[in-house]
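Just need the whole structure built from these sequences, with the hints factored in.
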Amino acid sequence: MMNNLNKDKFDNIKTKKSLIIGLSLIFFGFVIYLFFGLGVEGQATFRLSRPTDPFALPNLILPAHSFIGLSALLIAFFGGRIIIKAPKNFTIFMALSFFLAIAAFLVWATAGKSFSLTGMLQATVVRAVPIALAAMAGIMCERVAVINIGIEGMLLAGAFAGALFGSIFGNLIGLILAILVGGGFGFILAALVVTFRVDQIIAGVAINIFVLGITSFLTNHLLKSNPELNDAPIFKSIHIPFLSEIPVLGSVFFKQNIFVYFCIFIVLISTYYLFKTAYGLRARAVGEHPKAAETLGISVIKTRFNHVIMGGMIAGFGGAWFTLGSVGRFDEGMTGGRGFIGLAAMIFGRWHPVGALFAALLFGFADSLQQKLAILRTPIPSEFLAMAPYLVTIIVVAGIVGNAKPPQAIGKAYVKEN
Amino acid sequence: QVTDVGGVDDKSFNQTAWKGVQDAVAKHGVDSKLLESKSETDYEPHLNSMVNAGCDVIIAVGFLMGEATKNAAEANKDSNFTIIDFAYDPTVPNILGQIFATDQAAFLAGYLSAGVSKTGVVGTFGGINIPPVTGFMDGFAWGVKHYNKVKGKNVQVLGWDPDAKEGLFTNNFDSTDDGKAFAQNLYDEGADIVMPVAGPVGLGSASLADELGSDKLKIIGVDGDWTQTDPARKGVYLTSVLKKMDVTVLSVIESVKSGSYSGGITVGTLENGGVGIAPYHDLASEVSSELASEVETLRKGIISGSIVMNK
Amino acid sequence: MKLKLNEISKSFGPVKANSDINLTVDCGEILGLLGENGAGKTTLMNILTGLYKPDSGSILIDSQLKEFHNPREANKNGVGMVHQHFMLVPVFSVTENIILGAEPTTIFNKIDLTNAKEKVLKISSEYNLDVDPDQLIEKLPVGIQQRVEIIKILFRDAEILIFDEPTAVLTPQEVIEFFAIIKNLKKAGKAIVFITHKLHEVLEVCDRINVLRSGKIVGEELPKKTNNKKLAELMVGRKVNLKTSRQIVEKGEVLLEVNNLSILSENKEPLLSNLDVKLHKNEILGIAGVQGNGQTEFIEALTGLRKISSGKISYFGKECKNFSPRKIHQLGVRHIPEDRQKQGLIGDFSLTENIILNTYYEKKFSNNIALNWSNAKKEAKRIIEKFDVRTNSEEIIADKLSGGNQQKLLIGREMSRSINLLIASQPTRGVDVGSIEYIHNQIVMARNKGIGVLLNSTELDEIIALSDRIIVFYEGRVIAEFPSNADPNIIGLAMAGVN
Amino acid sequence: MKFFIYLSNYFSNRETIQEIILIPVIATLLAIFLGLLLLIVSGSSTQIALTALVALFTGSFGSLSAISETLTAATPLIFAALGIAVGFRAGLFNIGAEGQIILGGMAAVAIGFSFQLPFFLHLLFLLLAGALLGACYAFISGWLKATTGAHEVITTIMLNLIAYRLLDFFLRMPAIQKEGRNDPISKSIFETAELPRILNYLDPNLRVHMGFIIAIIAVTFVYWLIFHTTIGYEFRAVGKNLDASKYGGINSSMTIIVAMSLAGLLAGLAGATQISGILGRATPGFSAGIGFDAIAVALLGRAHPIGVLFSSILFGALIAGGRAMQVSADVSLDLITVIQALIIIFIAAPILIRKLFPWVFK
Ligand SMILES: Nc1ncnc2c1ncn2[C@@H]1O[C@H](COP(=O)(O)OP(=O)(O)OP(=O)(O)O)[C@@H](O)[C@H]1O
Ligand SMILES: Nc1ncnc2c1ncn2[C@@H]1O[C@H](COP(=O)(O)OP(=O)(O)OP(=O)(O)O)[C@@H](O)[C@H]1O
Ligand SMILES: [Mg+2]
Ligand SMILES: [Mg+2]
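Protein chains in written order, with this note's numbering: chain A, 1 to 418; chain B, 1001 to 1311; chain C, 2001 to 2499; chain D, 3001 to 3362.
Calculated directly from the structure, the hints in this document are not laboratory data.
All values derive from a computational prediction rather than experimental measurement.
Among the clues, some could well be false.
With a straight-line Cα cutoff of 16 Å, these simulated EDC-like cross-link-like pairs (lysine to aspartate or glutamate) come out [unchecked claim]:
1. C:2342 x D:3243
2. D:3178 x B:1067
3. C:2053 x C:2029
4. A:276 x C:2112
And the structure:
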């Protein structure tokens, strides 16, 4: 009796929730039409390929006003659907609406002008890479319950090592050494938090400051006096045969450099590792309930060391992107907070590699979008566009992630008694 | 010398000025001190410590240091200052402001690139929206406009609108990564020649051009001749818009030595050779002989005043 | 397989947890290990399973010397332990928990789940321990979780099985099932160590009983040849009267009245439904029940730590709708929380700071803005004195106190003030017997002084010893009420939901 | 005088002299030593290293102007680090000081130039405005944490990034932007809104200003607040054990919000004093990473007001000395950053220090 009693409790909760979401979607659609739809005319021209491309696609030309009107209508329609049907999870519809909203915005911004959509998407992927890698590094550490605020520093170290050693030994060895340096800092972090039980966040902050200092110092005392040490050959983009010829997709995914390819690879591999393999299971156990793991003969200490070092290496690789994957030259503090955004992406993605990747792509998109709009010169101040991803993160962390659980033992030092 | 943020090895702005100092060291054996500013809060203390270090002349490199330099100069009437890219009115007795008519040189570069461009689109972007930077961009845009007028073509300039004074800015002078991204962005929009006016940021653009190949994307350097400062990628530089701070700095130092120093303003122009454009080096082949000669006549025209750039 | 422990000693700083302990277990034998809290039982077993290193002494299995540096080595030698506090990962599935650390894998270290499940199912049918291998641990009741723990050690083919207070968390019903299980295991020829401090249990299942007191073996008994009283005295080391003397007092007017109180969890499952409870002056009302049947939520609701969904709570005749803990405290309602480490005290606050934890804002200790430390110190000194908390200074941090002394500090804080009603939750958990008697007497005295006491304890003996009236919680409802002289077995049944 | 009483309290306070004095001192010396080692390893002569060392000391405490520079650099650190310390005490890790400083500065500038007022009033307004806006900005994180449990580390980091953009936008607003400039730079504040330089009568170049004195007052106030008031007790209780604080009848959400806002208030003051004492106007880089150094300072001072005071002065000295180092030995300022990081690591890992120098702790 009690059961079906709270069963219909459940139902009316659901319906209430769907009512709220539905209505807000309808409102949202309305707002979009109000802001973007009214008073725009002309067409938005999105260039999909360069004249030089083998199969050049015609430009995608959209009549601004009607397109925006349509997407606004669709969003409203989804809202209505949710209210009536009260489906199990609204996420698909909300995602779709979100997508439509962005599309509408783009069309509005481009009305009467044109820009290269492909270019923007390509930039999106490129911009997402360091963030995604930072997030992967974060996941590796936090899955074994070690908070790694030091990722920013590790990225920077990787960038520096990449530039320096790349200039001396060529980019491949440079990359390897960058990874090792990252791993080195991973080791230091592990030693500090696991062995010496330094507060995890303090240790991370210290690493950030330290790396910032030492890299800048060496830049001034080593690289300035001999510039040839700060001029590494970069990894040029590799065009994957045939695939790269596909219009749009081709140049977005298959005309990139190894960092992009490896980034995707790392995401896949680490998903497999964490959720399919025995080692992954043990790692997660250490993150959730170290004592239990210990009683089953899993060494918490070793596991944490290994994974934090692994995280460091991924960060080192991500750092190398800034130099070997971009301009081949190190500038002081050139990582510019990507490590922190990576952490946000990790939480956004709920400590899951794939989720984190998508979060990173979102940031990357916002990043490149902002540059396009600078050319299109919209009335919206670029500063506000630049804020968008950070605002989104805050909303997400406050709203969605409120109920997503991090590994249980996170932040706690493990004391082995004997 | 106190540098602006960006560092003395920026292959451009600070470095060119510093070269002037080193020339002086080489020629006259004066000794030199360098303070690099990490942030704008460093300007004043740095200038002060230079004063305390008892320098004969303190060289402030950069428009952004205008305020700080003025304060320092007024607080220390008896030490000599010179600042690059800032002109005070009324002038301060113990500051020599060095400014440059870079728009004249950039005008030539603009005309040149309009002539060289295959896609009919050229681009530029700046570091921060301040006169010393936008001077370049104005000239560049005007140059292209002039080309369109005389040739009846329609070459587009992306990244700067000289009338609205709006355009693309990285809002920093140090992120080469941005340099690459912005160049990529312009390239995606069809530009095949880009002039980055943001000190070392431009190196990022150069490395993109290097990656794509100079047939797809060419770069125009600023301040110094980038084929000299960045020989590794000399293949991608169509030319550079020269702003010969090294020369002026050297002369200021000499004037101090000879006691002929006085505050005020000096202006570098095409006429007095304070500004100019670099030889075409590797990409000379891209520049047809008649285009080259047109540019030369333009130069004369500007000096003589027969050509008014902005119309 | 035969286990022999030889002269095992282990101490933690000041505490000698184990000293020169000898014991043996045979295959197909159940050895009972009896001892008070803190006697050293867990420590001994942790040594046996390689979690702790002994300071001295040796372990022999089949009369050959063994040394375990970690649990895995112990496992390899067939030693497995079901821990007092379960060692299960809540967000993992049953199977994942069982195979953890001994996963069957295919290529690329991929876990072979199907294979694993088969093994699990095989074991569970063999010893009829039925579980759903795909269920998440956090969704399972403790009884089932314990089965998972057992399967976990059998999965590692343990021959020597150690159960650390396995019954503490079980309903009488589950206890009976559990006994059936270990008897099976015994038949299967396993050597079993069964730790508890419940006398009747050892008498019921064990073949032999060793009694541990403050780290030493103080006697070995055979169930047939001994009895409750004898064991109790061995365990505690002196004559104990298991009943606290409690002269009957006439109960007075109603102090606390709860009318059809209900509480829902965040995901709207009922934690308490339609509760009706009355507590009178001069009365000790005992709440019996197995952990997790709503007692905790009930206490939290009464003390303002949890919002109620419907119903009505009235103290001293006036309703207190969602009062804050402070308001309720101000009514003279004192609360001894069930987990002193987590709720009652702040581990690295000094004793003084802890003494003012819920009164720091009062006139006595502050003028609304600034604190009056000297008064606080005086108060701390007084309480430490009065409730003989063993410490050398009121400035040391609470963590440094032993469990029992922490408890005394807590009780002292709550009972040394103007008090009209006492809510005591697990007041003697993890406290040595000397302190237990002391605390019990304090509670009875309070009640005699005309205070109403609400006593919540999972130890049925404690409830029976103290209460004037007993209510039994089951699945968030009061399913039975008994007078103080009721038969424990019937109460036990009620705790299991049988009416 | 009062200050010294606090000082003695501080030492009689639970932590032992060893931990309070010995470890930080050793950590600092060790860090400086390693820094110089790094200098030598990276190819400078021992000669230069020694000059650098000397410059480090003379440049920080060697002369009146050196001391003035030290204190000037320390002033904003004291405010911001106090804020972070308050956060720590309430169990909050506030990485957002940078953003709070920026907003504090923005408010200060706006008040500073937008209207004329008599000297003291104007200054007062400016400081209040800075403090207030800083507090509001931090309030967001506190409120989100209390209501939704959003982790303050993430929200504050994001708010920092947002603050930079806000500043850029703010500095380009016609109302704010310096007339005749189209780069982001604000108008300059009026004389009446400037913090007077306290050693002006000795030498106009001594930049140390009233802000330092206000900072000292803030230190004593925060000390009193944390250890001698009910609010402080609540902060610490919530910080140490949330459940117990709830049991004790403390409204933990409220406490978190208040603590965070207070942290922001102090950081806001840091921004305001920086504007009105040193810069006189705002530019994109005016916060100069003070908010991040302050984290280090707060850790170094073990979240204790007096500790914060000393470590701020230490960091100020490192910055001032670092400049001198740059002039006389041209060693780049970054060496200082390295030293700072090393100090933090050593302080945070006392076990390490004890292992390295067992004889000191006998
Ligand atoms: N890790 C430890 N560090 C210090 N002392 C400990 C530790 N573990 C146990 N002790 C102490 O050793 C003694 C024995 O503890 P143990 O847990 O073995 O008792 P127990 O018999 O299991 O009690 P309980 O019935 O409560 O489980 C107690 O005084 C306990 O406080
Ligand atoms: N986990 C632990 N880590 C460190 N010390 C501990 C731990 N547990 C207990 N101790 C220390 O061991 C001693 C005994 O602790 P415990 O709480 O077990 O006392 P006890 O034997 O249960 O006596 P009591 O009956 O007073 O609780 C105390 O001094 C306590 O500080
Ligand atoms: Mg035990
Ligand atoms: Mg105990």
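Checked hints:
Between the alpha carbons of residue 2342 (chain C) and residue 3243 (chain D) the distance comes to roughly 6 Å, so the proposed pair stays at or under 16 Å and holds. For the hint linking residue 3178 (chain D) to residue 1067 (chain B), the alpha-carbon distance of about 12 Å falls within 16 Å, and the restraint holds. Only pairs whose Cα atoms come within 16 Å are accepted, and residue 2053 (chain C) paired with residue 2029 (chain C) is rejected, the gap being roughly 26 Å. Restraint check: the Cα-Cα separation between residue 276 (chain A) and residue 2112 (chain C) comes to about 9 Å, which is no more than 16 Å; the hinted pair holds.
The structure fails to meet hint 3 from the earlier list, while all remaining hints are met.
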